[in-house]
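Order-wise, the sequence lines are chains V and X.
Numbered per my numbering, the first sequence spans residues 2 to 799.
Numbered per my numbering, the second sequence spans residues 2 to 799.
In case anyone wonders, no lab produced these hints; they're calculated from the structure.
Because the structure is a prediction, the values reported are computed rather than measured.
Be aware that one or more of the hints could be misleading.
No copy is singled out in the list; a pair is fine if it fits within one copy or between any two copies.
[To be verified] Calculated cross-link-like contacts (lysine-lysine; reagent style BS3-like; alpha-carbon spacing at most 30 Å):
1) K294 x K336
2) K540 x K611
3) K83 x K233
4) K317 x K233
5) K345 x K741
6) K267 x K576
7) K465 x K531
8) K724 x K40
9) K336 x K552
10) K317 x K576
Number of protein chains: 2
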Amino acid sequence: MQALKKVRTVRLPLWVALSTLLALAAAPSRADADAHAGKPAEPYDYANPMIGTGGEGHTYPGATVPFGLVQLSPDTSNRIFKGNFTECCYAWAAGYRYEDPVILGFSHTHFSGTGHSDFGDLLIMPTTGALHLQAGNDTEPGYRSHYSHADEVAQPGYYAVGLKDYGIRAEMSASTRVGVHRYTFPQSDQAHIVIDLTHAIYNTEDKVLWSSLRVVDNQTITGYRMTNGWAKFKPIYFAIKFSRPFDSFGMVREDTHRYGRMPRSKEEAIAANEISTAPEQQGRALKAYVDFKTTAGEQVVLKVGISYVSPDGALKNLAAEVPDFDFDRVRAEAKQKWRTELNKFDVRGTPENMSMFYTSLYHSVLGPVVYNDVDGNYRGLDQNIHHSDHPTYTIFSLWDTYRALHPLFTYIETDKVADMITSMLEHYQQSPVHMLPIWAFHGNETGTMIGYHAVSVIADAYVKGLRGFDAELAYQAVTDTANRRDFAGLDSYIDRGYVAYDLQNEASSKTAEYAYDDFAIAQFAKALGKQADYEHYLKRSQNYRNVFDAKVGFMRGRMSDGSWETPFDPELAQKHSAFTEGSSMQYSWYVPHDVAKLIELMGGKQQFVKRLDQLFDTEVSKDKVQEQEDISGLIGQYVQGNEPSHHIAYLYDYAGQPWRTQERIHQVMQTMYFSRPDGLPGNDDIGQMSAWYIFSAMGFYPVAPNDLTYEIGTPRVDHATMKLSGGKQFTMTAHHLSEKNFYVDHVLLNGKPLDRSYIEHKDIAAGGTLEFFMRATPNKSWASGAASLPPSMSDAQH
Amino acid sequence: MQALKKVRTVRLPLWVALSTLLALAAAPSRADADAHAGKPAEPYDYANPMIGTGGEGHTYPGATVPFGLVQLSPDTSNRIFKGNFTECCYAWAAGYRYEDPVILGFSHTHFSGTGHSDFGDLLIMPTTGALHLQAGNDTEPGYRSHYSHADEVAQPGYYAVGLKDYGIRAEMSASTRVGVHRYTFPQSDQAHIVIDLTHAIYNTEDKVLWSSLRVVDNQTITGYRMTNGWAKFKPIYFAIKFSRPFDSFGMVREDTHRYGRMPRSKEEAIAANEISTAPEQQGRALKAYVDFKTTAGEQVVLKVGISYVSPDGALKNLAAEVPDFDFDRVRAEAKQKWRTELNKFDVRGTPENMSMFYTSLYHSVLGPVVYNDVDGNYRGLDQNIHHSDHPTYTIFSLWDTYRALHPLFTYIETDKVADMITSMLEHYQQSPVHMLPIWAFHGNETGTMIGYHAVSVIADAYVKGLRGFDAELAYQAVTDTANRRDFAGLDSYIDRGYVAYDLQNEASSKTAEYAYDDFAIAQFAKALGKQADYEHYLKRSQNYRNVFDAKVGFMRGRMSDGSWETPFDPELAQKHSAFTEGSSMQYSWYVPHDVAKLIELMGGKQQFVKRLDQLFDTEVSKDKVQEQEDISGLIGQYVQGNEPSHHIAYLYDYAGQPWRTQERIHQVMQTMYFSRPDGLPGNDDIGQMSAWYIFSAMGFYPVAPNDLTYEIGTPRVDHATMKLSGGKQFTMTAHHLSEKNFYVDHVLLNGKPLDRSYIEHKDIAAGGTLEFFMRATPNKSWASGAASLPPSMSDAQH
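Next up, chain V with everything else stripped away, as it sits in the complex (with noise of 0.2 Å):
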C-alpha cells in the first residue's frame, strides 16, 4: 500500500545510475569478494539488499534476520514533517535512499517498503576529531559522513560502509531482537560514538514524547524512548553495551519544552545546551555521546538488544542471543539463518532473475516480525504486558500481504503461521473494537488502508488445512471483525449491501474488498461445517454487484439513496473519491472471487478482454490524478506499483485468453523489475510486491486466496524448486524459456497435461512437478476453454 503519499518522481543523477550498473550489473558481484572466492555461488549471494533502496522500493540495506525484531540499517535523511509528508518524508520511508550522498547513522527499526512510515529509533554514528551533536548539512558540520557505494557491502544480515569524513569502517549484523556494529577506527585521540534519540523516520517536531538515557556504568547504556508516529504510542527499549571501556561520556538535552521553563525555540535550546555527565537524563530531545583514543585499526563492538516491554527485557534479549561481542560469529549465524531462509528454493536462471527472485524471498521475510521478548512478554494493544509461550508476531500490513505473501507463508513457512494468526486472536482480543488487525504494528492499530484482510489471511491458512490456532476462536475474531458496525462504513454494507459514498469516503473499493473477505469468510465456515453462516458470508461476498453499475460496466460511487454518483469519470483518481488509490479503471477488476459473473457484467468474455486491454493500453491524463497516491510501474492504468492491480493481468486466463496474461505478466517482469536499487515498480509493502514476483516468477499467482486456485500466467525462471515446511517439495520447470520464448505451448502438471489455465492448492501441497514448454508465439488453443474458470467459481455463483 502507499498511504498518505503525494504523486512524487524521483530521478537518479547520471552518477547514481552509473555507479548502480557498475556495482550491480551481474549478480552476484555485489556480495564482499573474501567471503565467496572460489566458492559456487548459492542462494545467499543472489539476494541484494540494495534492490529496491532506490525509486519507490523503500527498502533498506542494513542488517537484520528473517523476520527480525531489529533492522540495523543506515539514514540518509532527518527532515522534518513541516506539514507535508510527500516533502519529508515519503522517499524516505526506509530510512535510506541510494541516491543520498551522506549517512547520518545508523538506527535499529524499519519497515520494508511501506508508503508511510515510522521508526528509526535509536540511531548511532562513530564519529573522530571535533564531537558535533548535529547531524550537520552542506553548510554546518554535524556528525553525519559522506560514504561511496563502492565502499558499501549489503548482504543479507550483514551492511557495511566506509564513514569517509572519519577513516571509519562500519559493520553491522543482527540477531531477532539484537543488532551488533563493528566499527574500526583510525589512531584517533578523539573517536566518539554518538547516539541520537531525536533522529526518527516520518519525524516530527513533537514526535518523541519522552526519553531516557542512562549510563549503567563505562560498557554499558540503557534507555528507551516513546513516540507518537505513525504508531500513535510507541515505546522502544533498548540495552547498549560496548566491547570495550569509554574514557568519558556526556549527555545532552534540547528540549523546547522544560518543566518550570516557558517553550523556546529549537535554537535556543540547542544554543542553551550544557554537557552533563551525570549517568541519567531524561527528556523530549536527549543525545548522548561516548569517547575513546583508538589505535590504528581498532575495533569497537557494539551490541544494541532492542524491547518493547522494558530495559530489562532489552538485556534478557541481550544476553541470551548475543552473550558475547564476536561480531563475526553474530555474522555467521545471521549468514546461516539466511541461507537456511533463502535454500527454501532451488532456483535456476538468468543472474538477472535469479538475483531478482532470491531478492524477492529475502524481502518476503521482512515481515510480519517477531515482537516478544525472549521471555516470551511483549507489550499489547491495551498497554499491558502480556506473555506469550510461542513467538508473537507485528508488522501487519494486511491490505497488501493478504494477497501473495501470506499464501507464500502457508508454503514455506507453514510453522510460522499459526503463531502470526494466534498473533492475529491476541490483537483481537486486546482490541477496543473487537477486531483483528487491520494495519497494526508494536501493539498498535494505525488502521491504515480499507477491507478486513486478516480473515482472508486466517481463513486461506484453514481451509488450506493449517491448524495449531484456536479455530473457534479465529471464526469468532473473523465474524466479529465483519460485523463492527461502526467500522469504515460496515454498517452502511450490513444494511445497504454496499457502502454508501456520501457516508464514507472510498465506499466502493471498501464494498469490493468486504466483497472478497467475506467469500473468505465463507469458505472458513464451510470448512468449519457452519453451513448457515457460509450461505450467509457467500451472499455477502456478493455485495460488489451493488456498487457496479452495469450500465456503464464500471464499479461506481452508489450514494445511500441508491443513485450514483454524479458525473462519474472512471478515470479519475482523488483523495475523498469513491476508490482507493485508484480509479475506477482499476477497481472494476476487484471481483477476485467471482471473476465469471465479473465477466458476465462486463458484457461477456469478449467485452471483458477488450476493457483488460483498455487498461492496459489507454494512458490517463495526468489532470485526472490528483492529490492521489504515488501509482507508480505504469502500463497504461494498469499499476504494478500498487496492489489493487496485482491480480489484474492474470484475469485474461478467465476470459479463455491465457496468453494475454501471458503477454502482460511477461511485460510487467521484463520492464518492471530489475536487479539494481531503483529496480523495483513500487513500495515492496513488506513483500507484497516481492511475494507476488515469486509466484509470478514460478508461473502461477493466488488472485483469489482462499479460492484454492493459482492462476497460470508465464514462469521467469528455468527452474524453481519450492521446498514446502512439511519436507514435500513442488518443482516447476521451464522448458524452452527465453526473452522471446514468453508463451505457454503447453503445461505437464506431474507428468500429465494440464488443459486449463490454473493449478490448486492441493497440486502444490502434495508436491510435485509443473512443467511449461514455452514457445515465441501465442498457442491460443492452450487452456482457452470454459473448464478454465476455477471450481471454487462455482461457490461465488450463487
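With chain V fixed as given, assemble chain X onto it according to the hints.
The following block gives chain X in isolation, referenced to the frame of chain V:
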C-alpha cells in the same frame, strides 16, 4: 520543605474566617451528626482533615486511608504555569484551598503538605444540564460547581460536598489503591460524569506527555496518562467501574500537537474538537463524559482503581480491594482503618488540643504511601516492573521527615519501618547514581532539597533495634550514598571537609546536614561493630565546624581556598546563598548531634542562650528576605513553618535553661497550631510539621534522631498514652497543666524523679510513665546541671 516557592501571604476573606469559626469552633462538632449521635467522642472524631487546607498547610480535605496510594480529594484550581510557580501553583499544592468558592472536580492523587507538588491525576466531576468539557471560569460556563463549607464533610476516609450548581451530593471514600465516589443526582435527563485528563496540580501546558482512554463496556473505562512534572516521568494507569451502565459516552481530544498536523493554539484545538464515540482515544489532551438519565435521588457509585504498572494492575487492585459497589462498606472499612490508627494514642486535653493532636496523627500517616499493586508489582526508578512480596512504599520527603516523622514511626508503625527501609534500598538498587532516596516519589527521584537523610532514617531504626531489612545492604547503601562524589558538593565535602560555596549553592547548609547524617552513619557503623567506619564517620560529623566561623559566631559560606564569604550578613536569606530556605541566623543552630561543641563555639552557655534569644526576639528586615522561600510561622527569626528551625527551641535545654525551652515551645504550640483550616504554621510536609506537634505535645522531641534521646519541652495535653507497636505503652501525664501552667516543676520517669532535661529511647521503648508536674513560673533549678547533656554528646566530642 518549601522548595521553589516564593514569599506569599494568603489572607482569608472575612466570610471564610467566619464560616471557619462557625464550622470548627468546637471540635468534634464538624463530624457529621448522624454518625455519632449519642456516642462518646473517640479519637476518630477529633481528627479533622480540614485543618491545614487554608493558610500554607497545603493539606487536602479528601478521602484516603493510612499510607494509602489513593487520595481522592476536591481540586479548586486549574491555574497553568506561565513562568512562575508561585503565581499558578504554590498555594494550590494540595489541589484545594479552603477559601476557593468553586470545586472543579475530584482527582485521585495528592501530596499532603508539600511546597512543590505534582499529581491531581484523573479529575472526575458529576454535572447536570448542558454538557461542558471545560472547567469554566467566572465568565465562561463549565463543569465546575460552587459549593458551601456548610455542605461539606471532611472526616478521615470520607469526604462529602454539595455541588450547588447541579444539586448533586458528592461523597467519596477510599481503600489503599481504590477511590470510590457516590453521586446522588437530582432527577435529570442530562446527568453527566466528566473525566478530564488535562487537569493537574502544578500544571503546565505540556505536562501531559501522553494519555489514553478506553471505554471497555458501558460500565468500565480504563486508561492512563504520563506526565512530566516534578516527577520527570510518571505514568499512572486507572480503571473506572460504574455501578450502573451509562446511556452514552463521548470523548474529545484537545491536542494542540497532533501527528501529521502543524501545531495550533489551545483555543483552536478546543474549537476544532469533535466528540468521538470510538471506544478508545489517545492524545495529549483527552476528556471524556458519560451520560445518564437519573431519577430524583438516584445514586451512581464509581470505583476507581489506580496502578503505576498497567491498566490490568488497576483492574486487579479494583477487584481485590472493592469487589462490589457498596459505598457504605468501603466508608466503614476506611473508618475502621483510621480508628485503628488513631487509637494508637489515648489523649486527653482541651477539645482544641485533642483536635490538633489527632489531626496531627492523621496527617502523620498520609505518607509514605503504599506503591505496589495488590500482586506486588511496581514500576521502579529504572522503568522496569519489579516485584516485592512486601508492601513497597514511596513519597520520601526525607529532608523534612527524618527529623520527627520517621522517629515517630519507629514506635507506632514499627511493622512498616522495615518495609519503608527495604523500599528505600530498592530505590538505591535501581538508582542510576547508586544512592538512597533524597526526595523521591512514584518511581522518580526529584533530587529536591539537601542532605542524604535516608541514612538517618535507616540508622535510627537500626540503632533502636528494629530489624527486618538487609542491614549489610543498608549499610552499603548508606555509605555509597555518603560517598557519591558527584552529588551536590560531596567531592568538596570529602576532600576539604566542607562544601565550598564558590562551587555549590547552599554550601554551608549542605555541609552542616551532611555532618549530621555522618553522625547517623557513625551510630549505624558502631551498632554493626564497624569500629574503623565509626571513627571515620564520627570524624566527618565534625565537618560542620569547617563552615562555622568562630570569629563571627556564625556558620558562613566558605570558599574553596579556605576564605570566608564576604561580605557576610547572617540575616540575609536569598536564593543561591550559602544556606537553604533561610539564613545563617537559622542554620547556625544546625548541629543537632553536637550541641555541646556548638555551645563552646558560640562562646559558652550564657552567650548561647543570648544568641537563642536574639533569634527569637529580633525581627529581620523584609529587604533581607529576597527571592527566598516563604518563611511562615515566625517568632522573630525563628521559623516554625519550616524544618530547619524545628529543633532550635529545644536547644535551651543543653545550656541548662530548660524553662526557656518550655517558654518557647509553649509559645509555638499556643500561637501557631489551631483547629481551623489555616491552623498550621506552614507546609505540613508529608507529616513532619504534625510529627513535631505530636512529640512536642507529649513534652519531648528528638533533636538528633540517632542519639537516642529526646529533649524535654512542655506538654500540651493532660494525658497521652502512646501504644507502641509491640504492645507496650508509654504514658505521659501532665499534672496541673493549663495555659498558664506550662513551666515544668519536676518530672517523674516511671515514678522516679528525673533531674535531666531529656529522656532516652530505651525509656520509651520499654514502656512506662512520664509524669510532668506543671507550674506557672519557671523552676530554674530543675535539670539545669551539666548532666543535662545527653550521653551521645560524648560520642561527638571527638
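Okay, the hints, checked on the actual structure:
Taking the shortest alpha-carbon separations for K294 and K336, neither the intra-copy value of 32 Å nor the inter-copy value of 66 Å comes in at or below 30 Å. Taking the shortest Cα distances, K540 and K611 sit within 30 Å of each other inside one copy (29 Å), while across copies they are farther apart (100 Å). Both within a single protomer and between protomers do K83 and K233 lie at most 30 Å apart by alpha-carbon distance, with minima of 19 Å and 29 Å respectively. For the identical chains of this complex, K317 and K233 are neighbours both inside a copy (26 Å) and across copies (26 Å), given an alpha-carbon limit of 30 Å.
Within a single copy, K345 and K741 get their C-alpha atoms as close as 29 Å, which meets the 30 Å cut-off; across copies the closest is 98 Å, which misses it. In this assembly of identical chains, K267 and K576 lie within 30 Å of each other by CA distance solely across copies; the values are 29 Å between and 34 Å within a copy. Taking identical chains as interchangeable, the C-alpha atoms of K465 and K531 lie at most 30 Å apart only when both belong to the same chain, with a minimum of 17 Å there against 74 Å between chains. In this homomeric assembly, K724 and K40 come within 30 Å of each other (Cα to Cα) only inside a single copy, at 23 Å, whereas the closest approach across copies is 86 Å.
With identical chains, the CA atoms of K336 and K552 are never at most 30 Å apart, being 57 Å at best within one copy and 77 Å at best between copies. With identical chains, the CA atoms of K317 and K576 are never at most 30 Å apart, being 46 Å at best within one copy and 46 Å at best between copies.
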